[in-house]
Amino acid sequence: MSKEFFTTFHCLDDIGVISLSGSPGNIIPQPAFVEPELFDEWTSRPGLKALIIRGEGRNFSSGGDPSLILQLSARGNDLERSLEAGHRLLNRIEDLDIPVIAAINRICFGGGLEIALACHIRVVSANALLAFPEVNHNLVPGMGGTYRLPSLAGQAQAAVTSLGGDIVTAADALKMGIVDHVAPADAAFDYALALARKMTSDRPLPLIRSVMKVLNNSRTLPREEAMAEETRLFCLLARDEAERRKNGGD
Amino acid sequence: MAICWTLENGIGTITLDNPPANILKMEFFSELADHLEMARCAPDLKAIILTGRGRHFSSGADVAELLEASGPETMLRNYRALAGMADLAVPVIAAIRGVCLGAAFELALHCHFRFGSADAVVGLPESNYNLMPGIGGLERMAGLTGKARALELILRGSTMDARDAYERGLLDAIFPRQELLPAAIAFALSLPHDINPGYRELYLHKYLPKDQNIERT
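First to last, the protein sequences are chains A and B.
End of the first sequence sits at 250 in the numbering used here; the numbers just go up one at a time, nothing left out.
End of the second sequence sits at 1217 in the numbering used here; the numbers just go up one at a time, nothing left out.
No lab work stands behind these hints: they were computed from the structure.
This structure is a prediction, so every number in the text was calculated from the model and none was measured.
In this text, a Cβ means the ideal position worked out from N, Cα and C, and glycines have one as well.
A couple of the hints might just be wrong.
To be verified - Derived CB-CB ranges, DEER-like: (1) D1044/B - E224/A: 23 to 33 angstroms; (2) G47/A - D1194/B: 46 to 56 angstroms; (3) E224/A - C1041/B: 15 to 25 angstroms; (4) D190/A - S1030/B: 42 to 52 angstroms.
Stated by the list, open to error - Example chain B residues on the side facing chain A (calculated, C-beta under 7 angstroms, incomplete): (5) S1070; (6) P1072; (7) M1075; (8) L1076; (9) Y1079; (10) M1132; (11) G1134; (12) L1138; (13) A1148; (14) L1155; (15) R1156.
Looking at chain B on its own, in the form it has when it is part of the complex (with noise of 0.2 angstroms):
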């Protein structure tokens, strides 16, 4: 299994469970469209929280498994998975230790918040080995950043530290390791259980206050 699904108090927890490094493999994908689905049909799920097994968030894909394997069907496939998972109506944040680079940040950035550990590293690298980011990343990353910076984050390859990170836009709040977990679950615990996309400058003001989160790193 390349998921844990856990539920408590209403907070669904998809960790994923493939250390250290919790490479994505293709049966990833389809197990997070199962889990979504079920999501979709549990009365009480408030928040999803997406996080990785360990030290790490996860390194991306398999890239010799998806350079051997990625048809466009299994890549669209992937692609609607994600995009299912930012369709929700209930908050889903990704609490990010470590690294979270490629697809892994591809699909951090499909979810509707992003919390970071101090020390997360984060970025679309693909260009580094001739590929581009293929499920999604490059449009959401614009949206974030916007087109021209993301271009040129993308184009180069860039990784980032939290910290930058944050100033791009691209993690909504950084937490010291130890506290990032609880700060995502208070988070996910005071949002309303049916959210707004549009709404997300929003909620990030009224529910996480400044001195919450940067601030105290």
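Same shape as in the complex, but just chain A (with noise of 0.2 angstroms):
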């Protein structure tokens, strides 16, 4: 690799940004491509209501650098260790409480594409090509692609497009159910941004936070305890309307 990759933050308003950067390609080094702590830190932001993950300069990310995975699998159990962290990193992104939104331009393959299914809101520009390259290094994705991607575009197609190591475009990724938006050639920032703001303008944190855990916990708890989360949840937002009214709002 010839340029170090590295991961910036900064915050437009109330949105966050977290840039991949580096090389060309942002070739992502490390399965956890930031630190955990960093990552809590940025997100942990006061009032922040929503986070962007996109790619510095043309594209998102063409993934992790298979000689790199190839010299750590050679290190003892570096390599599983590695994997666990990037698989705890996208956990937490996916657990977040406020949405996340992947802003990909151009090239989103392998470990790029991964982080982009662990967001919660995917959004393509019009040029982006989306692969799981692995198959063709005879190996598999490594951090959660091959558990998320079923959920988005069916146990088949998911298959196919893991194991045949094909590029799909942006308009059959969207057919697929992979990604949610296209966006103008290059431009899947600004629609993501503008998307972001329409999501969360006028909403009050509380509410976002509040519609973000429902969704979560029907991935991760008990019926009964989601339900009886969900009414809970309800009824704080509920109070605090009341609340509001009473004190003249309108």
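Since each chain sits alone in its own frame, please combine them into the complex, following the hints.
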């Protein structure tokens, strides 16, 4: 790798932006592409209403570096440990209680696609290309891609995409349900930012968080617990709103 | 009474009966639970159809009442009534004319099937009142449209016309207003009396050919 990979964070009002940076392909050397402590620090910023993950420059990310993966695999259980760290980070993204949008221009391969799949919403540019090329190196996606893809694209399509290693265009990815919006060429970020603002600008933070928690709970909690938690969260919002109206809100 | 119940040819009809908007008061949910309990013990019941009296299905909950009276116990009881309906073995079909919003759409989302009239307007606009859907609408919508789309629709508080809702999988069919109930009844009669919700798509495919629904409107 010629240049070192790094991630940056900045805020546009109450929307946080994480950028994958470094080489032109934003090649990710470690499955945990950002330190967990740093990620927590960024995402716990007071008032943050949504998060966008993007690639600096032309591409989102071409994923991991196969030669680095093979090096790691030769060193005891280093690879296992780094994959576990990657899993934990992606689970953190998925479990976040604000919406996370992946803004994907052009190349989104392998580990890059796995990061995108952990986000709640995926916006791709019309010239985006998605793939799991791991099979071409006799590997499989190692950061939950094979687990998350079927729930979006169905078992059969997910198997074809992961096993074939084929490149999927933005339009096909939309049809398959892998992505949610197609923006004009190279304009995924502006589109994602506009979407984040439309979703959150007039909404109080407790409401955004409650909606996210309910959606996440339906994935992680047994039904009875999820139902009780949902009604509890609803009643907190209702109490706030009743209070607001009493104090002369419209 | 918030509900009118009729039983004809094995088809039970639950009519939301608080016109013109058929607003769902708290008593609606306890009546619903009672009717469903009855339905569970009715040996001849083949299907249940939910519909609204008059122009509209329902504009949803009474927000003022909700803000005043909603404790977690009441909400959970209401939620359980809907979840119990979704767990019924007999098919439950919502026949939606006019508006079906908020808690009313949550009710419809717990049905096994949703047919709309061409002029139907559906959605979960709670966030416009700084609230969220509180009785399962979020998860149900996510199950039908995918999590990403549901998140957008709910945070934006969007309502949709019938065509939009159909394209997003939130309505299973659209009929002209006069044909809606007969179509729902015909579909109900064609279904097995003991359905597996996991086969939803299969039932639609088998008993509701494409040329019977949206293509005609």
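Hints broken by the structure, by number, lowest first? none
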